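S.K.: Sequence:
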Amino acid sequence: MKRIKIPIEEAVGQPIPHDFTKIAPDEGFKGVLFKRGHIIRQEDIPLLKSIGKNYIYKLVLDEDEVHEDDFAKEMAKRIAGDNIVYDDEPSEGKIVFRAAIDGLLKIDKKRIIKLNLMSETSFPTIHGDFPVKENQSVAAFRIIPLIVKRRVLDRALRIVDRPLIEVVEYKIRRASLIITGTEVYEGRVRDLFRPKMERRLKEFGVSVIDSRIVMDDINQIKSTFLDFAKNGSEMILVSGGSSVDPDDLTKKALKRAGVKFIREGNPIQPANNLTIGYFDDITVCVVPAGALFYKASAFDIFLPRLLARDKITKRDIAEYAIGGLCHFCKVCVYPVCPFGKK
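When the count follows numbering that gives the first Met the number 0, it moves up by one through the sequence shown with no breaks and lands on 341 for the last residue.
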């Protein structure tokens, strides 16, 4: 590559070789002032000088070299998987990737790390297994130098032989609720489970099609569950009766109904007693009281994955121990926090 240095006063009629950025904290501005390819005019010179451009460099690339913009465009086609959209053109050499739908972000962590082990590349993402909204930014790619050898692009393309990021749509749309507890059944305690679950599920487009309050009785819990298993529910959430008290019979009743649990409980705090299982194609969650009291709990961490029918294993659950202790902040900003991020 040849760089031909031209004083800015003599650069009228020359193209800008790459995006020129202006950073002005006092104005609250950071962005592109001039795009690559812009033909410099006489009236541009004061602005260019104001961002420190007293010279421009006319770039003459060798045949085996790649400009940052062209590198990013080639990579974007490979990086984006299902339900991911991205910028048509780079800005400051960077292409931003966004969710095309509401759903669960999945990332290929091992290959993303491998790509970022290259000294020339930069590909940050938000955390995987994270619920995202349509048009939300989820990743960005650029190279750090302005120009690299084509072999660098070839190496990066070999790493990205299949997409690195995708958004999985939520598949569960119909849920039923079983509220256990003799004290609730008899009206001595107000039911807080249904209103909170309805609000939470509605955020993900899930409708509650039925609910029932039952006593702490194995047969009543079992029969209610089996009734709901026939009503078109894709998910059944069961509250109460999941702690260590001998009177807490919920999980025992569900086992008798045929529910297969991945494991009883989980290492996340709060809501250690959240228990996930399956009954044929129906997802089952035993939701402890902690999930009602706290804004963020194990239930909130697992819910997006469950609604996307993402496969959850016993090892998955164990891995949430790292990052699975809530910070119990005075002002909760979940999910934009480290809680539950693996």
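The hints are simulated quantities; they were obtained by calculation from the structure and are not laboratory data.
Among these hints, one or two may not hold up.
Claimed, not checked - The list that follows gives simulated cross-link-like pairs (lysine-lysine, BS3-like), each with its CA atoms no further than 25 Å apart: (1) K148 <-> K170; (2) K170 <-> K229; (3) K251 <-> K201; (4) K313 <-> K341; (5) K132 <-> K170; (6) K251 <-> K108; (7) K76 <-> K148; (8) K195 <-> K148; (9) K170 <-> K93; (10) K329 <-> K310; (11) K76 <-> K48; (12) K310 <-> K132; (13) K34 <-> K21; (14) K34 <-> K108; (15) K76 <-> K52; (16) K313 <-> K29; (17) K76 <-> K21; (18) K132 <-> K259; (19) K229 <-> K251.
As the structure is a prediction and not an experimental result, all values here were calculated from the model.
S.K.: Decide, hint by hint, whether the structure agrees.
M.R.: Structure-based check of each hint:
1. Between K148 and K170 the CA atoms are separated by roughly 44 Å; this puts the pair beyond 25 Å, and the hint is violated.
2. For the proposed pair K170 and K229, the alpha carbon gap of about 18 Å is at most 25 Å, so the pair holds.
3. In summary, the hint linking K251 to K201 is not supported, as the alpha carbons are separated by about 29 Å, beyond the 25 Å threshold.
4. Proximity of K313 to K341 is assessed by CA-CA distance (about 15 Å); at most 25 Å being required, the pair is judged to hold.
5. Proposed proximity of K132 and K170 is supported: the alpha carbons are some 15 Å apart, at most 25 Å.
6. Note on K251 and K108: the hinted pairing is violated, with a Cα-Cα distance of about 38 Å set against a maximum of 25 Å.
7. The hinted pair formed by K76 and K148 meets the criterion: a straight-line CA distance of about 20 Å does not exceed 25 Å.
8. The hinted pair formed by K195 and K148 fails the criterion: a straight-line CA distance of about 56 Å is larger than 25 Å.
9. A C-alpha spacing of about 33 Å is found between K170 and K93, which places the hinted pair above 25 Å, so the restraint is violated.
10. Between the alpha carbons of K329 and K310 the distance comes to roughly 33 Å, so the proposed pair goes past 25 Å and is violated.
11. At most 25 Å may separate the alpha-carbon atoms for a hinted pair to count; K76 and K48 exceed this at roughly 36 Å.
12. Distance hint between K310 and K132 is fulfilled; the C-alpha atoms sit about 21 Å from each other, no more than 25 Å.
13. Straight-line distance between C-alpha atoms of K34 and K21 comes to about 11 Å, which keeps the hinted pair within the 25 Å bound.
14. Using a Cα cut-off of 25 Å, the hinted pair K34 and K108 is violated, with the two alpha carbons roughly 33 Å apart.
15. A hinted pair counts as satisfied when its Cα atoms are at most 25 Å apart, and K76 with K52 does not qualify at roughly 33 Å.
16. Distance hint between K313 and K29 is unfulfilled; the C-alpha atoms sit about 45 Å from each other, more than 25 Å.
17. A distance of roughly 29 Å separates the Cα atoms of K76 and K21; the hinted pair therefore is violated under the 25 Å criterion.
18. The suggested pairing of K132 with K259 is violated, with an alpha-carbon distance near 32 Å, which exceeds 25 Å.
19. Of the supplied pair hints, the one linking K229 and K251 holds, its CA atoms being roughly 20 Å apart against a limit of 25 Å.
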